[in-house]
Amino acid sequence: MTFGSDSPRPGPYRRETFPYFARILDCLSPEHPSRVVTLMGSAQIGKTTLAQVFIGATMDLAPCDMFVVHPTKDNAERWAKGKWSRWRQQSKALKRIFGEVKSRDSHDTLLFQQPRTGRGSLQISGANSPSSLSQITTPRIVEDDLSKWEPNSAGDPERQADSRASAFEWAKILKLSTPLYADTCRITRAFKSGTQERWHVPCPHCGHFQPLTWENFLSNLDPDKPEEACFSCVACGSEIEHRHKAAIIAGGKWVAENPSAREPSFHVWRAYSPTRDWASIAHQWLEAEGSHLSEQVFFNDVLGLAYERASEAPPWEMIRERAEDDGHDRGTIPPGGLVLTAGCDCQGDRVEVHVKAFGPEMRRWTVDYLIIPFPIWEGDCRRQLDGLLKANWPDAFGNQRSLDMLAIDGGAYNRTVHDWAKQHSWRKVIVVRGAKSDQAPPLTVTQTERRPDGKAHRASRRAYNVGVSSLKVALYEQLKKSDPLSRGFCGYPKGLSQEFYTQLTSEIRVTERDQRGYPRSIWKLPRGLRNEVLDTEIYAEAAAIRCGWYSMTAQQWDQLRAEREKPNEDPQGEMFDPDLSRAGAAHASAPKENVSPSNVVKSKWMNR
1 MTFGSDSPRP GPYRRETFPY FARILDCLSP EHPSRVVTLM GSAQIGKTTL AQVFIGATMD
61 LAPCDMFVVH PTKDNAERWA KGKWSRWRQQ SKALKRIFGE VKSRDSHDTL LFQQPRTGRG
121 SLQISGANSP SSLSQITTPR IVEDDLSKWE PNSAGDPERQ ADSRASAFEW AKILKLSTPL
181 YADTCRITRA FKSGTQERWH VPCPHCGHFQ PLTWENFLSN LDPDKPEEAC FSCVACGSEI
241 EHRHKAAIIA GGKWVAENPS AREPSFHVWR AYSPTRDWAS IAHQWLEAEG SHLSEQVFFN
301 DVLGLAYERA SEAPPWEMIR ERAEDDGHDR GTIPPGGLVL TAGCDCQGDR VEVHVKAFGP
361 EMRRWTVDYL IIPFPIWEGD CRRQLDGLLK ANWPDAFGNQ RSLDMLAIDG GAYNRTVHDW
421 AKQHSWRKVI VVRGAKSDQA PPLTVTQTER RPDGKAHRAS RRAYNVGVSS LKVALYEQLK
481 KSDPLSRGFC GYPKGLSQEF YTQLTSEIRV TERDQRGYPR SIWKLPRGLR NEVLDTEIYA
541 EAAAIRCGWY SMTAQQWDQL RAEREKPNED PQGEMFDPDL SRAGAAHASA PKENVSPSNV
601 VKSKWMNR
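Position one of the sequence shown corresponds to residue 1 (the UniProt record's numbering), numbered consecutively onward.
Treat the hints as calculated values from the structure; they're not laboratory data. Treat the hints with caution; some may be incorrect.
Stated by the list, open to error - SDA-like mimics (lysine to any residue), calculated; alpha carbons at most 25 Å apart, straight line:
| no. | residue 1 | residue 2 |
| --- | --- | --- |
| 1 | K192 | D162 |
| 2 | K253 | S238 |
| 3 | K83 | P441 |
For clarity, every value in this text was computed on a predicted model and none was experimentally measured.
Let's have the full structure, built from the sequences with the hints guiding it.
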């Protein structure tokens, strides 16, 4: 098998490059008694290479029907058009087996391909389609990116896929994936049910065999010297440096932690990769540390481990006490709060507004919490929302700042919310809805919307889906931080009510079994509690992400700081109307509608 020039390791596949794959491939051979082989590992560790070698070797040496399943049909098509198609074109062996990709004599489709001999076939599918997981019987299955598989309308797609090989005593099922969240991770569950083998390497000094572990690496990591990142031998204590890597990995062996298990399972992470050095792992950890979302990606993609997510917030009393002792004044923007946004939640009789400031190092602060005591469809509410967009809040440097963006919930009153939102620039107001999937990214543009007549049409540039689940997990982790200078710190002002904090921490994450018995994690709101504060916190964060909170570089933050935190010797006075409702989750004080101070600081970088 030969890889093309676009591969990280072009040329023929060599066992010495991936010595730890030899046993896995042996387990996948027809002669080995194993039925299910599991590989849990980092991203870009060679899992796709392993799967393609398994497919190619099967079609060449023991041709039969094969079934390759990806999380979705879109994923399946991208793999078929991309990695698999390129390999077919570049590999002489695959050309001999399948012929040219565009041959007129071929009866192939993108998702169904046959060798020229007619012996066997390759069917490619998405786990989200129950129909594609039925009406097929096959002795060889590859289940790729298994952790990203979600239940479909017929139930558990993993069981559906596994059942396609139930008629064959000699079947082989290869399960491979980077892990996701520990409580529902499919690949972690498969790994734990197997032999749990890890690649043990010999110490270059004393010869003692041991696995390369993250805990060992972290204990030897000096944040000031990431280039010197190394491991230490658990037997003699000597340093195992990157210069020893090639030799010790070549001399390694698999050691099972659960040898009595029936099926083999393996774990490999970035430290064993032939294409990445150990310093890169150190740098990635130092960049990710302190940010929940970044740490999750690091654990999944670099360590190849499932991430333990927070299931509940810290006690609300602790957060409130911290705010009353050290918090900033309510209604003011604290130092470092360079991006100002608002999140709005529409209820049947009111709209609740959370004004937030966001800064470098993933820090955030609540500026104020407002309640507009009218529903979104009434003119009074819309006029006050219009006024909110024109209003200003004072910062610690005497400047008055207006909102960079407002995100309003379009879930319950979608058409009414859109009618108001479209009166304002999409650069100023976005409409958000919570995404159902646990794996949804933090913020994605909505592709289609439903008109009042039920027909779909292309969405505007202001409609977004929000990955509320992952953002809540991140928030609950960050609420534990007490050091205002720590990455991910969440600051709250003095004077917010108990109700504000109980709503902020109201939801809990539980694992339940659905109607088909499959475990799933969901957010639950205990009886008698409300969650508008938590929802608006997430919506304000979505607006900040849209403004570049996740993506701004240190240089861009410095530029924004120079523009917005310039001391002003002629500060404006009080900008809030005390007559608006002070009832509800927290006493509210909404800005005046017709405020236009002369010293509103706007960002050149955000083109406002």
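Hint-by-hint comparison with the structure:
{"no.": "1", "hint": "K192 x D162", "result": "18 Å, holds"}
{"no.": "2", "hint": "K253 x S238", "result": "20 Å, holds"}
{"no.": "3", "hint": "K83 x P441", "result": "24 Å, holds"}
Hint compliance for this structure: every hint is met.
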